[in-house]
Amino acid sequence: MEFTIKVNGASQVVDVDPDTPLLWVIREELGLTGTKYSCGIAACGACTVHVDGEATRSCVLPIEFVGQSEITTIEGLSSDRSHPVQQAWLEIDVPQCGYCQSGQIMAAAALLEENPNPSDEEIKETVTNLCRCGTYNRVLKGIKRAAELKATA
Amino acid sequence: MTQQQIFELDRRTFTKLAGGAAGGLMLGVTFGCSDQGQKLQGPPVTINAYIRISPDETITLINPAEEMGQGVRTAMPQILADELDARWDQIFVEQAPLDLAYANPGMARPAQRTSGSMSVRYYFTPLRQVAAAARDMLVRAAAEQWGVVAAECETKDGFVIRASDGAKLSYGTLADAASKLEPSDNPPLKSPDQFTLIGQSLKSVDQLKKVDGSLEFTIDIDLPGMLHAALAITPVFGGQLASYDESEALKVKGVRQIVPMKDAIAVVAERYWQAKKALDLVQVTFEGGDSLGLSTEAIYADLREGAEQEEGITFRDDGNSKELLQASQQVIEGTYVVPYLAHASMEPLACVAKLEGETCEVWTGTQSIQAAARSVARFLDVPTEQITIHTGPMGGSFGRRLGADLEIRAVEIAQAAGAPVKVIWSREEDIRHDYYRPAVAAHFAATLDEQGFPEALDLRIATYAMGPPRGGRADSRVVGSMSDMVYHIPHVRFGYVQREQPIPVGSWRSVARSHNTFFSESLIDELAHKAGHDPLDYRRALIKETPRLLAVLELVAEKSEWGTALPEGHGRGIAATPCFDSFVAHVVEVSVFKGELTVHKVINAVDCGIAVNPDIVVQQIEGAMIQGLYAALHNEITIENGAVVESNFHDYQMLMPWEMPEVETHIVQSGELPGGIGEVGTPALAPALTNAIYAATGLRIRTLPISGHELS
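Protein chains in written order, with this note's numbering: chain A, 112 to 264; chain B, 815 to 1526.
Treat the hints loosely; a few may be bogus.
Stated by the list, open to error - No farther apart than 25 angstroms at their CA atoms in a straight line, the calculated lysine to any residue pairs in the SDA-like style are these: (1) Lys235/A / His1384/B; (2) Lys235/A / Ala1365/B; (3) Lys117/A / Asp163/A; (4) Lys117/A / Glu140/A; (5) Lys1067/B / Glu113/A; (6) Lys235/A / Glu1410/B; (7) Lys235/A / Asp1465/B; (8) Lys255/A / Pro1471/B; (9) Lys1065/B / Leu260/A; (10) Lys1415/B / Arg256/A; (11) Lys252/A / Ala991/B; (12) Lys1415/B / Glu236/A; (13) Lys1065/B / Glu139/A; (14) Lys1067/B / Val124/A; (15) Lys1017/B / Leu260/A; (16) Lys1067/B / Leu141/A; (17) Lys970/B / Ala991/B; (18) Lys1415/B / Thr239/A; (19) Lys1067/B / Pro129/A; (20) Lys235/A / Lys1415/B; (21) Lys235/A / Ala991/B; (22) Lys255/A / Glu1476/B; (23) Lys1415/B / Leu251/A.
What the hints assert, rightly or not - Beyond 12 angstroms from chain A on every Cβ pair, some chain B residues (computed): (24) Trp960; (25) Gly961; (26) Pro1001; (27) Gly1039; (28) Gln1265; (29) His1305; (30) Arg1362; (31) Lys1408; (32) Met1439; (33) Gly1485; (34) Tyr1508.
For the record, the hints were derived by calculation from the structure and aren't laboratory data.
Glycine residues also receive a C-beta, built at the ideal position from the N, C-alpha and C atoms.
All chains, full assembly: derive it from the sequences and hints.
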C-alpha cells in the first residue's frame, strides 16, 4: 500500500504494508540508518525520532498512523552537526559504542524545544533512553550544556 | 609470567611480523575507516603493517583491535601517532584486516582478538616499537637527502627537522624514500616525559559519526541485491526443528522463502520487517533438547550442593586450612550464588553474508576475526583463504561476539537463499540465545585469629564449564582471579567443582572476576564485621603486600570521606580488586527506607598504569561500573523447562536514568606500563554495593540480583 510521508522536510512515497513500523520504513525504504533498532517494544528509545516535534519511539508506530505528520530523524536534525545537542555531545564526548546515541540526541533535542532549561529531575524523567555502555551522566551533562548553547545561540 | 616478560617474549615475533608490509595472509577488508570522511589523495606509501603515509601528509594508522565502545580506535592510534611524532589532525584510522601481523601480543597462540582488556595493555610497547621503527626510517631518509648523519635530525609534528638550521622535510615527502630502507633492529623509544599525545584526553575517533547517525554498524550494511532474514532458534538448548507450516508466512508481501535449519527456522524477505512479520506466521515446532526440563531452581540447588558438599579440584592449598577448619569450634561460613547473565548489547546480533562461487564475504562486528574466518571456512568446507571478513564497529559486545555463531548462521541462510543476506536477531532471540555469564555458587569457611584477622579460609566455587574439561585442571576462565587473591591469609585452600549443564556459557565483561570478586570482597567484609573491625582498616591490614591496591583503596576512602557520619538509613560499602594488571576500588553510598534502596553515590579510584587517554579511562571505569551496578540490581537470566524466560528490556532491565547515582572517578598518576581498562570497573562494584546495603541495614546479600531480596 502506498503512503506519502514527510521526512526531514521532504515528501516521500513508500509502498509498504500498513502495519510496518515507522522505524523500518525509515531504515529500509528511505535508507536513513541513523535511527536504530534495539528492542522493538518501545522500551529502549534507540529508535527515537520526532513526530511533529515530539520524541517518539518509531519501532511501535505503524506507518498507517503517521499521516501528514512531520517526521525528523537524526539525519534531519541538522545537516552539519550544528544542533546544540550535537555540539554539546561532541564537546563532552558523550558516546561510547554510539549505538543508542541517535535516540538519546533526538530525545534530548525534543526536550529542549519544550523546556529550554530542564532540571536534572526533569531530564531523568523525560529522556528515558537506555544505554548499556552507561553514558547516563554524560547524557545529562550534555543536555545541560546544550541548554546553555541554545540560550546563547 | 609478568606483563613485562610477555612483552620481552613476544617483542621479536611481533616486530618481525609487523615490520613488513601486510600481505600473504591478507584476506580481510575493512569498512568504517577514518573519522573525517574525506578521501585520501595520492597513493599512500606503506611504511610497515601499521603505518601508511600519503604525499598529502595524511597518515593512516592501522588499529589492530576491534571497537565496541571501549575506545581502542582512539587509544591505539594515539600510541602509534605519539611515537611516530605525527600530528593528531593528520591521522586516519583504519581497522586491521585478517592478518597475523596484527595478532595480539598477549595471546599465547598468535591470534587477533579483542578481549580480556588486552588491547592497550599488550600492544602498548609493541605499537611504540613499530612507530619508532617508522620514525627512524623517515629520519634516515631525511638525513640521506640532506647529507647529514641521522643523529643531527629530530622529529616533530609530522616533520623531520635538521638540528643545525631548523630546515624541515615533511613525512609525506619522505615516505617513499623511507619505505625503501631496512628497518633498524632496536630504534630508541621516547621516554615518558617526551610523550605528546599519550596522556592526553583526545576526543574519541568516530564521535562525529556517532552524533549524526552516520556511523555504519553491521546492522546498517546494505549490499546490492541483499535480502533480509529474521530468525527463530529452538528455545530449548540443543533442540531440533521438528515441523513447520509456511503457507501463511509465504503470503506476506516481500517474502522469498523459508529456510529450515537443524535447530532453527529463518524467513528471507526483501525487507527485515516483512521477514519478521512472516516469521510470526510460520507454524513451527521444535523438539527435544539437552536442557529440556531444566529450571533455574534445579541449577541453583545443584551448584549449592556442589560448592557446599564436594571437594572438586583443589587448585591452591597453602598451609593447613583443612585441618584448622575441622578443628575449629568457631567457623564462619556461607554460600553465595550469582545468576546467569546475558550480554544484551544495544545493537542486537546482526551479520551479512554473500557467497559467490567458491568465495564467501562476511560483514560482521566480531571480537575475533580469526574465529569468524576459520569457523565459516570449516562450515563451508573451503580453505580459510576463500573467506573475507569485513569487520565494523559493534554497538556493544562485552564478550558476546567472541564466537562465530552469528557468522555461520548468516552464511547458512545466504547459501540457502542464493543471494546476499543480512540476518538480524530480534531482541528476544538475542537474549534467549546468548553465551551466558555462568551461574556460580561459592561456599566459604573461615576462622579468625585472636585479633580477628582471617587465619584460615576455604573457598570453593561450583559452576558450569566454559569448555570441555582440561585434564582435571581448574578452568582459569572461571577460577582465574581466585588463585591470585591478594589478602594475606596464612592458610588458604581454593577449590573448583565442575558441573555439567547444557546452557551455553561464555565471557562477560571482566570474565571470572565478575563473580569471584563478588565472593571474595563480600566474605572479607563479612569477616571484618564479625571481628568488629572497620572494613577499610581490615583490608588495609591484609593488603600491605599489594601497594598499588592499597593506594587506590586509600584514595577512594579519602575522596568518599570514609568513616564520617551518615544520615540514618544510609550506609557506605567498600571493595577493591586487581583486574587485568590494573587496580580499582569503589565506595558506594546507599540508603534503604521502608525496603526501598537508593544508590546515592559511587566513588571510583583506578590505577591503570600510564593512562593513555585519561578521559576514555574515566568513561570506561564509569561505564563498566554502571554495568556492574545494573547487573547487581536487576539482572538474572532464568531457565524454565530448558528455555530462557527473559526476552527483552522489560524483564532484563538496564539502569533507568533516574536510578543513576552521582559518580566520581579518580585516576592514580602512574608511570607503570598500562593495565587493562575496559572491564576493570565492573567486578568490584557489586560487592561494594552489597557491603553498603549491609552497612545501612545489617542485611547481608549473598545472592544476586538484589531485586530478588526484601530489604526491610
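Tested hints:
1. Lys235/A / His1384/B: holds, 23 angstroms
2. Lys235/A / Ala1365/B: Distance ~35 angstroms between Lys235/A and Ala1365/B Cα, so the pair is violated.
3. Lys117/A / Asp163/A: Given that 25 angstroms is the threshold and the Cα spacing comes to 10 angstroms, the pair holds.
4. Lys117/A / Glu140/A: Measuring from Cα to Cα gives roughly 13 angstroms; hence the hint holds.
5. Lys1067/B / Glu113/A: holds, 13 angstroms
6. Lys235/A / Glu1410/B: holds, 19 angstroms
7. Lys235/A / Asp1465/B: OK: Lys235/A and Asp1465/B at ~21 angstroms, within 25 angstroms.
8. Lys255/A / Pro1471/B: holds, 15 angstroms
9. Lys1065/B / Leu260/A: Violated, at roughly 52 angstroms.
10. Lys1415/B / Arg256/A: Satisfied, since the Cα-Cα distance of roughly 22 angstroms is no more than 25 angstroms.
11. Lys252/A / Ala991/B: Violated, at about 49 angstroms.
12. Lys1415/B / Glu236/A: Measuring from Cα to Cα gives roughly 19 angstroms; hence the hint holds.
13. Lys1065/B / Glu139/A: holds, 20 angstroms
14. Lys1067/B / Val124/A: Holds, at about 17 angstroms.
15. Lys1017/B / Leu260/A: Cα-Cα ~19 angstroms, so holds.
16. Lys1067/B / Leu141/A: holds, 18 angstroms
17. Lys970/B / Ala991/B: Within the cut-off at roughly 19 angstroms; holds.
18. Lys1415/B / Thr239/A: holds, 20 angstroms
19. Lys1067/B / Pro129/A: With Cα atoms ~11 angstroms apart, Lys1067/B and Pro129/A stay inside 25 angstroms; holds.
20. Lys235/A / Lys1415/B: holds, 16 angstroms
21. Lys235/A / Ala991/B: violated, 58 angstroms
22. Lys255/A / Glu1476/B: Given that 25 angstroms is the threshold and the Cα spacing comes to 15 angstroms, the pair holds.
23. Lys1415/B / Leu251/A: holds, 16 angstroms
24. Trp960: For Trp960/B, whose nearest Cβ neighbour in chain A is about 41 angstroms away, the distance exceeds 12 angstroms, so it holds.
25. Gly961: Since the minimum Cβ distance to chain A is about 46 angstroms, Gly961/B lies beyond 12 angstroms and the statement holds.
26. Pro1001: holds, 33 angstroms
27. Gly1039: With a cut-off of 12 angstroms, Gly1039/B remains clear of chain A, as the shortest Cβ separation is near 14 angstroms.
28. Gln1265: holds, 40 angstroms
29. His1305: holds, 40 angstroms
30. Arg1362: Given a closest Cβ separation of 25 angstroms, the condition holds.
31. Lys1408: holds, 21 angstroms
32. Met1439: violated, 7 angstroms
33. Gly1485: holds, 25 angstroms
34. Tyr1508: At about 25 angstroms from chain A, Tyr1508/B clears the 12 angstroms cut-off, so the statement holds.
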